[in-house]
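Asker: Spelled out, the chains give:
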Amino acid sequence: MRITNLLLTGGMAGAILLFFTAGAPAERIRKIDFKDTTLSNGLRVITVEDHSAPVVSLAVTYNVGSRNERKGRTGFAHLFEHMMFKGSENVGPGEHFVQIFTNGGSMNGTTNEDRTNYFETLPANQLDLAIFLEADRMRSLLITKENLDNQRHAVQEERRLGRDNQPYGKSRETLQELLYDNFAYKHSVIGSMEDLNAATVEDVKQFFKMYYAPSNAVVTLVGDFKTDEALVKVKKYFGDIPGQPSPPTVDMTEPEQKAERRTTVEDPLARLPQITVAYKATPGDTSDFYALQILSATLQSGQSSRLSQKLVKEKELVQSVFGFIAEHRGTGALYITATLQPGRKVEAVEATIYEVIESLKKEPIADWEFQKAKNASRYGFIRSMENSLTRAIMLGQYTVFYNNPDLINHRQDKVAAVKKEDVRRVANKYLNAANRTVVVTLPKMKMATAAVQQ
Amino acid sequence: MRLVVLERHTVPTFYMEMVVMSGGLSDPPTQRGLASFTASMLREGTTKRTSKEIAEQVDVLGASLSAGSGLSSFQTNVSASGLVENFDPTLEIFSDVIRNPVFPKDEWEKFKARTLAQWQLQRSQPMFLAQERFQRAAYGDHPAAFIMPPADSLKKVTRDDLLGFHKRHFQPGNAMLAIVGDVTLKDIQGKIEQAFGNWASLIGAGVPKTVIPPAPVPGAAKIFLIDRPASVQTVLQLGNLGITRTDPDYFPLLVMNRILGGGPAARLFLNLREDKGYTYGVGSFFSGSKFRGTWTAFSSVRTEVTDGAMHEFMVEFKRIRDVQVMPEELENAKRALIGSFAMVLERPEGLLQNVLTLKQYELPYDYWDTYPQSVEGVTAADVQRVAKKYVDLAHLQIVAVGDVSKIRSVMAKYGAVELYDADGNRIDAAGAKGQSE
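Each protein sequence line maps, in turn, to chains A and B.
Numbering follows the numbering used here, in which position 16 of the first sequence is assigned residue number 16; successive positions increment by one, without gaps.
Numbering follows the numbering used here, in which position 325 of the second sequence is assigned residue number 325; successive positions increment by one, without gaps.
Some clues are possibly wrong.
What the hints assert, rightly or not - Stretch by stretch, here's where chain B covers chain A in the computed footprint (C-beta under 8 Å, at least three residues):
#, region
1, 93–99
2, 337–344
3, 381–390
FYI, nobody ran anything at the bench for these hints, they're computed from the structure.
We put the beta carbon where it would ideally sit given N, CA and C, even for glycine.
Could you build the full structure based on these sequences and the hints that come with them?
Answerer: Okay, here's the thing in structure tokens:
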């Protein structure tokens, strides 16, 4: 690090200038050179050398998510994810955490509808540790009733924390169940309490065998290593884990929606009404998906967005409005959520949302809106390229979702290829009454109980 | 105005932050939140741009622009980030909102209405309620007792008050600009000069010095219950006053906290979650300012195990106080802290934050260079000493937010109970009738 103290002249008289330099020499966003290898047991390994910082990130993405769950076992994919931290043949329960953290790293695991991933970032000299820990649990997960019960409790608390004890939590789950017909997406990732209670050790064993095979996973490694050496290590630890037959594919067909769906949720934890409107949309990495991203940015990203200006600033009907287009392997959705100001009518908010949406169908969006959406997308992408972990996660996701790790190098081109006319076209194609699902939350607060007054 | 530039050329982005060395601690007592409101209103209109124009221009650049100040902060932070190709126009808007805000009356009225609604929303969040009550319990009348300004204060503050605060405090001699990113000093020096070179004080007077009020003497241990009907979990927050940022106990406390509650490898997590299955998350945390900060432990547990969770908290608090930590646990914690410190340095904002902390607290110049040695020097005896001092059971303030009809008798086992509703009103018979805060 170089530090220079300078004194600027002129108008800045008296200013003290400290000047530091850190990091690698100038290096622009450039093509990510990855090596794509498949081991004999079916494990796909993608590696990216990056010597800009002495760290390494490893992600293991398994081709399984809540969409693979069956009726009566909702929440299982995520519950299983928790089991992956409870030990394996050579790693004690909870030791995974301790090993990663005491070696200066960070780690986590996440489950969504379409995939489950596990990842860690460590100082580069701990690459062996990262590979060993991931391989050991892929090979020899410790499955006991005690561990299952323990994590069942932890997951049920996660559900209470994120949904049952939160305002609008019930509404989010209700929306998911109403929006989809195909069971794959027609339930929450966290699952129901009953189904979590029903999960057995036998379920865990079967799930492990079926989905946690090397042939159903992608290992991505990004960081400060030599590719050949890293591959030798990956082969050493993962190479003799036996492959398994491919798991059954999930039918993701979603029947066409013919009419608007809506419901009202009374929420004892909410203080203000809220409305969420969701439109079924296209799977990710399609031209319509990228057009809907631009549309969503115009509609609801930032203070300049049409909904924010109209609902928050002009009409003062809501205190906030936000939303996004969800990227899924199957049918995605565009979500809009607005939380009202006190004393306003939900009907007025809803009518205004539709009015703004109609404007997108009639006229092309303005040049500045178009520019905004594209710049926001590019900035977000560039930021995500900044650290090795996000790159590892994205490579894993693109491989499992689309069998296309190279999407990391082309995704921004696909956004750039969207034309203004495409935005109007997808507005007309997807944002229609018959294609929407509406959930309105009305507060129904309980009074502080008289019973507590002694 | 002082300038800090940190070159970072890995990706073509930048982040800049103007630190104005006045914040919530400069609020007049009858106008708590004034610094925060002033900061939030900066982007709602300038002599050159309307609120809408600022929003559009910032968003078109793919940039972000935000400002804020805490109620007990000694500074206000305005930050912007974006693509380096848009550095010039972003800097222009950034300097405009810092130098020329006009706080339009209609925007101020709109801001007040939606802020009141946002505060309503926050009151439905149990963690907010726990934090709010805990700060009151720990700080009494100190500005840090408040995490949300009183609604009265928001209603009373006028546009003139905002203008006045801005004039008094947003002065070049009271500010420091820090920039990190894919820029070179050579390239931006002239631009910064153009944006801020002729920035002059609007009142020709010095900035009123920020008075740092000392934290109060800790009160006796007490239980605060907040009734949130329909809750299925109890949100627990336990702790008391900790240290100032420059206290010599900083490093021993850092290590002690890591062992007790700093993350998934810590005792609280391994016990309450991994062993007992009471919770999804549990841990402990401390912070220090120019006045004493707090040390707190926290968790959300299902209502039925509130008693068990309280028991385990107490077991762990007593254990860290009464029994010296084993060498391996100590070494693991120190290695983890040193390792994660190195990782922070890989993040540009993290490095910049370290530089700013150094300046704000006037820490020794080699503070960060010697950070690993400072951690390494902590002994098991140090850990026990600070545990006894800061895991202070005689003054432990305990807040529980949940279904009081189910947890009151459980909590009463741990001390005298004060009862509140979710609006902050004391509702037990012993409290003043209908007393509102």
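Asker: All hints, please: hold or fail.
Answerer: A quick look at each hint next to the structure:
no.	hint	result
1	93–99	holds (count 4)
2	337–344	holds (count 4)
3	381–390	holds (count 5)
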